[in-house]
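With the hints as your guide, set chain E onto chain P.
Which chain is which? The protein sequence lines are P and E, in order.
If you're matching positions, the first sequence starts at 375 in the numbering used here and goes up one per residue.
If you're matching positions, the second sequence starts at 375 in the numbering used here and goes up one per residue.
Each hint can be trusted.
Repeated chains share a single entry, so a pair holds when one copy, or any two copies, can fit it.
Taking lysine-lysine and the BS3-like style, the derived pairs with C-alpha atoms no more than 30 Å apart in a straight line are:
no., residue 1, residue 2
1, Lys445, Lys702
2, Lys483, Lys393
3, Lys702, Lys649
4, Lys425, Lys582
5, Lys425, Lys510
6, Lys393, Lys510
7, Lys425, Lys379
8, Lys444, Lys649
9, Lys702, Lys425
10, Lys379, Lys444
Since the hints were derived computationally from the structure, they do not count as laboratory data.
Number of protein chains: 2
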Amino acid sequence: MYAAKALAGALVRVTLIDKRNFHLFQALLYQVATGGLSPGDIASPLRAALKNARNVQVLKAEVVDIYPEKKLVFLRDGLLSYDSLIVATGAGYHYFDHPEWAELAPALKTVEGALEIRRRLLLAFEAAEREPDPDKRRAWLTFVIVGGGPTGVELAGALGELANSTLRGEFRTIDPAEAQIILLEAGGSILATYPPDLVHKAGRSLEKLGVTVRSGQRLVDLTAELVTIQDVASGREEMLTSRTVLWAAGIQASPLGQLLAERAGVETDPIGRVKVEPDLSLAGQPEIFVIGDMAHFEGRDGRPLPGVAQVAMQQGEYAARLIVDRLKGENRPPFEYRDKGNLAVIGRNAAVADLGFARFSGFMAWLVWVFIHISYLIGFDNKLLVMTQWGWNYFTRRRGARLITGGDPFPLVEVRAESAQVVTKVT
Amino acid sequence: MYAAKALAGALVRVTLIDKRNFHLFQALLYQVATGGLSPGDIASPLRAALKNARNVQVLKAEVVDIYPEKKLVFLRDGLLSYDSLIVATGAGYHYFDHPEWAELAPALKTVEGALEIRRRLLLAFEAAEREPDPDKRRAWLTFVIVGGGPTGVELAGALGELANSTLRGEFRTIDPAEAQIILLEAGGSILATYPPDLVHKAGRSLEKLGVTVRSGQRLVDLTAELVTIQDVASGREEMLTSRTVLWAAGIQASPLGQLLAERAGVETDPIGRVKVEPDLSLAGQPEIFVIGDMAHFEGRDGRPLPGVAQVAMQQGEYAARLIVDRLKGENRPPFEYRDKGNLAVIGRNAAVADLGFARFSGFMAWLVWVFIHISYLIGFDNKLLVMTQWGWNYFTRRRGARLITGGDPFPLVEVRAESAQVVTKVT
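If we strip away everything but chain P, and leave its shape as in the complex, we get (with noise of 0.2 Å):
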C-alpha cells in the first residue's frame, strides 16, 4: 500500500492485488482478540485509501505463482503481466511440524484468527460460569499462549486485563482472576529482540496481571485438552490441562516467496524470506522487488531487518521511488532502514519503548505507545473519535466488543446424570 501510495499520479499504470479487500493494521489485532476493538476499526479499505490514486487500479484477487521470464503474474482466476513487480505478501505463523494443531490452537494474524481467538476466550468463560466440577472448571479458567514475541506478550498481557479487570464482578459462580494464563517461549527469554532491561521490567508486568511466563519451555503435544511441554535444557515434560490455546510463535514466510526464489533462482533463508539486493530487488532480475516481512534484506550490523511494519512501509516507498526513477533513466543509492524504535505493550499502564535514543518502561512507555498508534490509525483513516473512545475504554479497562459470534462448537457442560434422570419422570 505505500508503494502504491507513494507511485500515485507517476506516469506509470500500478495494479494492487490483495486477496483481501482491506489494509490491516497487525499491530493492534490483539485488541480485536481480547475485545477490545471491532475488527473495523483497524482495518482500511484499499479502494478508500486509494481512492484518488487514478493511476492506480486496486484488484481483488490472489497471486498464485509467478513467471518472472514471461513477465507474468498469475491469479487463482485469471493472468496479468507486468514491467516492474514489487512482491509484498508477509509472513504468517506455521506449526512447525504440526499442521493439526492450526485448528486447536488460533493463531493472531488474521481477522478471522483474532475472532476466533476472541470466541474462544469469552467462551472458555462462559463455560467456566456453568461448570460445576472444579478440575474442568480450572481447564477452562487455562489458558496457554505460545510464543513470546512482541505479539505474545501483548496478547497475554491483554488476556491479564480482561481476566482481572473488564470481566471483574460479571461472573456469580466464577471469579475471572482465578483464570491461569501461562506464556511459553522456547527460547532463553520473552522479547528477545529487546534490551534485557526492558525484558526484565516487561516480565514484571506481565506477572502483576497474573501471567506466568515460561521461557525455555517448549510445546511438544497438543490435543483439545491436554498441553505437553518440555523443559528445552533438561528434557523434562509436564502436562497440563487447558481448553484453551493460542497461537503467537513460529514465523515463516508467504510461500509466494519460496516459489518466486525458485523461478528467479535466488535464495531464501531459514523462516523462507527472499534474499534481495541491495535496492530491493532480486539478483538478476532488477525488475522484481521483494519487500517487507519476506525479504531478507542485510542491514549495517550485518542481520536481517526484523519484520516490522516501519521496514514494510519504508521498503515501499523506496521501491516505488526507485522505479519512478529508473524511468528517468536516474540512479538512487541503496535502500536504508532508520529504525524509529521498538515499543510492546503489556495492558495499561505498562509497556516498554525503545526509541534507540531513550528507553522507557511503565506509563510514560504506555502513553508513547497510545500517542504513536492512534495517531497512527487516525492518518491513515480519519478514526479520531472511535480511537479517542477506545484509548479511554482503554484507560478505564472496558471491552466493549465481547461479542461471540459463529456457532459453538460444543456444548458447553455436560448434560450431568442428575438431569437426565429428571428429563425421564418428566417425558
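Chain E alone, transformed into the frame defined by chain P:
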C-alpha cells in the same frame, strides 16, 4: 434484558438465559450489513449491562423446551427450575416453503447474517470490477431485496447510498452507480403499517437512491443467478439475473413459542406468536409470561401490537413489576402500550417518522432518527464517541467497516480461454 434490569435489587433470584452473550440493537443491523458500523458498535455484552445487578446471573445457554407442569426449562445442555418465567425469544424470518433459499438469500436478522450480507455486497462490486463480460457484470451489479417492511426499506436505502455515494470513484472499470437495486414487496405497498403519505415519500426517497420498488410482486423461484418474480395480481412471471439476493420477509415467531403454547394449552396466531392475557401471562399459567416479538397481545384497536423494540422493552418492565407486586400480594392493572411513534430511514437526509402527534419526512425526520438512535446506544453502552464518529461518517457518506471476511465462495471471474492458452505456453 429490560425485565432483568427491572428485577435488579428486588428480593428475587434472577437467571437470564441467552444463547448469545450480547444484546443486539437490531434497528441498526442494516448499517453493519452495509459497512457503516461494526457489530461491536451495536452490541452490548449482557454481563457488562447486568454487572451491578448482583441478584441476576447470566447464563449463556440455549433453551430447547419448557415443561409448565413441572416448572422446568430444558437447556441444550442442562436443566433449570423456576417459580416465574418470562419468555422472550423473539422472531425471525422464514423462507415460506423454501428452506433451500436460506443459502441463496441471507437474512438480515443476526450479526452473522449481516456480516454475510456485507460480504456478498462488497464481493459483488469486486467481481464486477474484474468481469469483462457485460451481461455477467450486470448480474453482479443487480441486487434484489425481498420484503418491503422497515428492514427491507432501510437496507435498500443504505445499499443505494453505498453504490451511489460511498463507492463513487473507487473503481476503475465499473461505475458502482450502475447498480440496480430492486425491492420486492408482495403486498400492496412498502411500509404497510405507515400512513399513505409517508409511504409515498419513502418511495420517492428510494427512487432517488436508485432503488426500484416493485410492490405486489413476489419471489417464486431462486437459483444462484436467476430470480423469478410473479406479479400477484396478473400472475405474470418475469426472470431477472442477479447474483445477490437479500432476505427481509416472512416474519415468524421463535419456534419455542409454538412449543410452549402446545405444552401450556394456549393458542398461537398465524405467524406463531403466543396469545397472551391482558397481564402478558398465559391463560391458566399465571407464572409464565410471553413478551416481545413472540407475543400476540391485542392493543386497544383489537390488533396485535407490532414487533418493535418499544413494545418488548415496555412489556419486559411490566412483567418484572408484576412479579414483584405479586410477591407483595398486590395487584397490577393490565399492560398498556404507550406508542412513541415509528421511524424508518432511507439513506442520509431522508427518513419518515410517525410520532403520533406529528409526522415528519426528509431531513427533519432524519435528524430525529439520528438523535433517537444515538441517544439510545449511548444510554446502553456509553458509546458516545463511536456514535458521534458514525453520525459524522454517515453524514459525509463514509463507511469504514467495509471488510470482506471469511473465505471467498467462488473465483471472482471465470478463467477464460485466452488465459488458459497462455498458461499452456508457459508451463
